[in-house]
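Add chain B to chain A, keeping to what the hints say.
Protein chains in written order, with numbering that gives the first Met the number 0: chain A, 0 to 486; chain B, 0 to 486.
These aren't lab readings, by the way, just hints derived from the structure by calculation.
Quick caveat, the model's predicted, so the values are computed rather than measured.
Careful, some of the hints might be misleading.
The list treats identical chains as one, so a pair stands whether inside a single copy or across any two.
Said to hold, decoys possible - Simulated crosslink set (SDA-like; lysine to any residue; CA at most 20 Å straight-line):
(1) K117 with K383
(2) K464 with G258
(3) K18 with T411
(4) K278 with L247
(5) K179 with D134
(6) K13 with E482
(7) K12 with D353
(8) K24 with Y176
(9) K223 with G477
(10) K18 with S478
Protein chains: 2
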Amino acid sequence: MSFYNDDIKILDKKDYPKKESKPSKVYESIKDLFDKLDLKDGITVSSHHHLRNGDAVLNMMMLELQRRGIKDITLVASSLFPVHKELIPLLEDGTITNIITSYISGDLAKAISKGKLKGKILMQSHGGRARSIIDKNVVIDYAFIAAPSCDPMGNISGVNGEASCGSMGYAIADAIYAKKKIAITDTIVAYPNYPRDITEDYVDYILKVDSIGDKNGIVSGTTKVTKDPVGLKIAKDTLKVMKASGLLKDGFSYQSGAGGISLAVTDFLRDYMIKENIKGSFASGGITGYLTDMLEEGLFTSLYDVQCFDLKAIESIKKNANHLRMSGSEYGNPEVSAVVDNLDVVILGATEIDLDFNVNVITGADGVLMGGSGGHQDTAAGAKMSIIVSKLFSSRLPVIKNRVDVIATPGTTIDVLVTERGIAVNPLRQDLIEKFKENDLNVMTIQELKAIADNFMGEPKEIKKKDRIIGYSEYRDGSILDEIHEV
Amino acid sequence: MSFYNDDIKILDKKDYPKKESKPSKVYESIKDLFDKLDLKDGITVSSHHHLRNGDAVLNMMMLELQRRGIKDITLVASSLFPVHKELIPLLEDGTITNIITSYISGDLAKAISKGKLKGKILMQSHGGRARSIIDKNVVIDYAFIAAPSCDPMGNISGVNGEASCGSMGYAIADAIYAKKKIAITDTIVAYPNYPRDITEDYVDYILKVDSIGDKNGIVSGTTKVTKDPVGLKIAKDTLKVMKASGLLKDGFSYQSGAGGISLAVTDFLRDYMIKENIKGSFASGGITGYLTDMLEEGLFTSLYDVQCFDLKAIESIKKNANHLRMSGSEYGNPEVSAVVDNLDVVILGATEIDLDFNVNVITGADGVLMGGSGGHQDTAAGAKMSIIVSKLFSSRLPVIKNRVDVIATPGTTIDVLVTERGIAVNPLRQDLIEKFKENDLNVMTIQELKAIADNFMGEPKEIKKKDRIIGYSEYRDGSILDEIHEV
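Only chain A is shown next, with the shape it has when bound in the complex (with noise of 0.2 Å):
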């Protein structure tokens, strides 16, 4: 500590603080708060995904320091939805160099894949990336924070506004560690705005816009529990491996993923739970409204909500006090002891999974990419049991490979592949080998599994890939996995 120094300078009485107000925050033209900004080539900004597809506020600030000139950005958005294809213009001509993200999907992502971006692209988890901010490997110059509503001083609510998106779990660490915070809103309320997502000693700046986007688009065509019967046979058969792990009891903790087989083990979970009369702990994850219902069932003591997937979720955060709030680093960060840790079972998708339980979701088939790990690293490593559940091909392609294109989650971390033709264990998992076994649930394993697939479509082709590496992808604890190619 220096303050006992002998040193130490007495302030003199003239130099005594004057009373004197802050500056106002609030600015109602883009223009005039960028012209009291320190802007130039080579910073790092950083924007939030709640709004999703629904998001107008990354293009208007990246399109606006584009119209400045200014080069070579980084951009760390938490993820990027096919409303961003605004950007790809800004890859051509050096606005944007590098991009980190934990999910991409839409034009931007294929020019990506097609070579426009002039630097690189990484492909974080969603607790990688908080934990990459906290630690500084990753140090952001100006957060912009897309705040569904805010007061004049800066306290915003994601639940208040035309655009409510509920939790903003994402924008946190962006918030406490960006060396400036910016909160973008289209709705200015009385102070003090609350409940508080983020408060205002985190935010420097307000813009005063018309719209920051549209909410509906929160939420993605897949969120739908799924009616294709191979679909719905994978999601019972789920179940049983659920029950067979004996982990389903009073206690238990979940989380799965919004698409539609994911969705229909919620759905079939709920139906076992009610039966068998159990209480579980707590649900996380991105949040939807088949959750809340279980919620406010009982089902679920509480549910973790770093982000939300529908409005229902959004309507579930605004009443309900056992929906807790969290953050991206409170959700999955690998350095701290994190939700998904307490997680007995996550349900997760795939567009691969090779024969050591490697899985992609960056990339398609074709090698495009059009994903990302969002929390599936995450949930993996913490989850007690982590499942995978996919039809043995998609759109005709198998989905089991000898090695899949891009390494998303590593296969030390994945347990169980559930299919319609069989369940997969990973050989780590004997003691889910046995249990499966036990309860004459149908046991293959991986190999057993492709040969089969690869009976009906033949050994899948090699994706013609570029040498040119265009990004990387990262697991949470900062090493990387695998190259992603340009196509």
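Quick look at chain B alone, frame taken from chain A:
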């Protein structure tokens, strides 16, 4: 960013993560826990004071450090109370060398004034404490966080548990920025514990003890409205000052200390707001039942609570969604926009005030440590009008001096002094002088008030102090306002 270096290494499959559950954070014995820590001479440890004079945790932790022979510790305690007199032998034997705090009273304070601390004591404001931790001027090795309830992963709630304390605002900076965080609790509850004051990602270890203290110790003797007619006159005149200032209207924001005169002001304010149908915005600070009543009556739209001053406040924060928690940084950090910056009026006490309106709340008339800034500096700087309420004499000693013993709050941030004989306004606030005269308030110069007092008692005597500097009074921005001398 380093991720696009050419020498990037792809993780070898043999180094893929193992799926292992993390070790338990929970320890049942302080000995077992401390054996795990890297304890050595010269470490810095911290504590919060939400259990005030009922706290049993800090003594317990420090005595174990003493037992282990750890020397030269810097103790960063948000406040210290009479109950902490057990630490006196630790000053003498060199276990504790330096203390950083915002308030200190009781025998420990007296021992320090008598020179028993080998190093120095730094007196900070509550906001200054948060700033110093966030800026890493003060780097905490171990934060000892008394946790009224905690689940096995470290989610801490201040409102559940036998020794509930309500808001845990002063522990937040420690939880985020200390190198290691230890929750000490007598109440371990099922996961996940909520509402959360501190989340599991900020807790490294949990120590289960029999009792963290007595919540009845939260209430100090002073949190009652004064019955003294002189005090009541001052309170009435203070309400007149508030009215005359023009600030007392719809949207009004307010803070007062928990002293008897301050609470009487709040009581008169309540009657006036009801009578005039004034709807305030927020009240802030340490929160008492007087303010929660006003919240529930609709006189304020919300409360900002950094610590609960009585049990009624704890009940209120448990049930009222508009009774908001705030951290010490959100409350008063000078480097961000803080709640204090939004205050219209703050009512404060003083042990001494000088002709430049500089205030001492750190030492008594005998020069002995007996208090501290707490939020005094922060609210005085932030509020549109800061009012000192004080009798002209305290225990027969005059409150107005030529020079206060220790400057805690610079006079440039103090606007009005209300005494039983007249109202003095800082000459920097000619606007207030005009308004008060227009409203026929008994405005005098502070020199005139001093002359009245000196007429009764004679010029106050100088305190006999030794040359040795035992510590400093720090301003919230980190500059040093004054020396504190051995007595």
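Quick rundown of the hints versus the structure:
1. K117 with K383: neither (41 Å within a copy, 52 Å between copies)
2. K464 with G258: neither (28 Å within a copy, 74 Å between copies)
3. K18 with T411: Between. Shortest inter-copy distance 7 Å satisfies the 20 Å Cα cut-off; intra-copy 60 Å does not.
4. K278 with L247: Within one copy only: 10 Å inside a chain, 52 Å across chains, cut-off 20 Å.
5. K179 with D134: both (17 Å within a copy, 15 Å between copies)
6. K13 with E482: between (61 Å within a copy, 17 Å between copies)
7. K12 with D353: Between. Shortest inter-copy distance 13 Å satisfies the 20 Å Cα cut-off; intra-copy 72 Å does not.
8. K24 with Y176: within (19 Å within a copy, 26 Å between copies)
9. K223 with G477: neither (34 Å within a copy, 56 Å between copies)
10. K18 with S478: Classified as between: cross-chain Cα gap 16 Å, same-chain 50 Å, threshold 20 Å.
Comparing the model with each numbered hint stated earlier shows that hints 1, 2, 9 do not hold.
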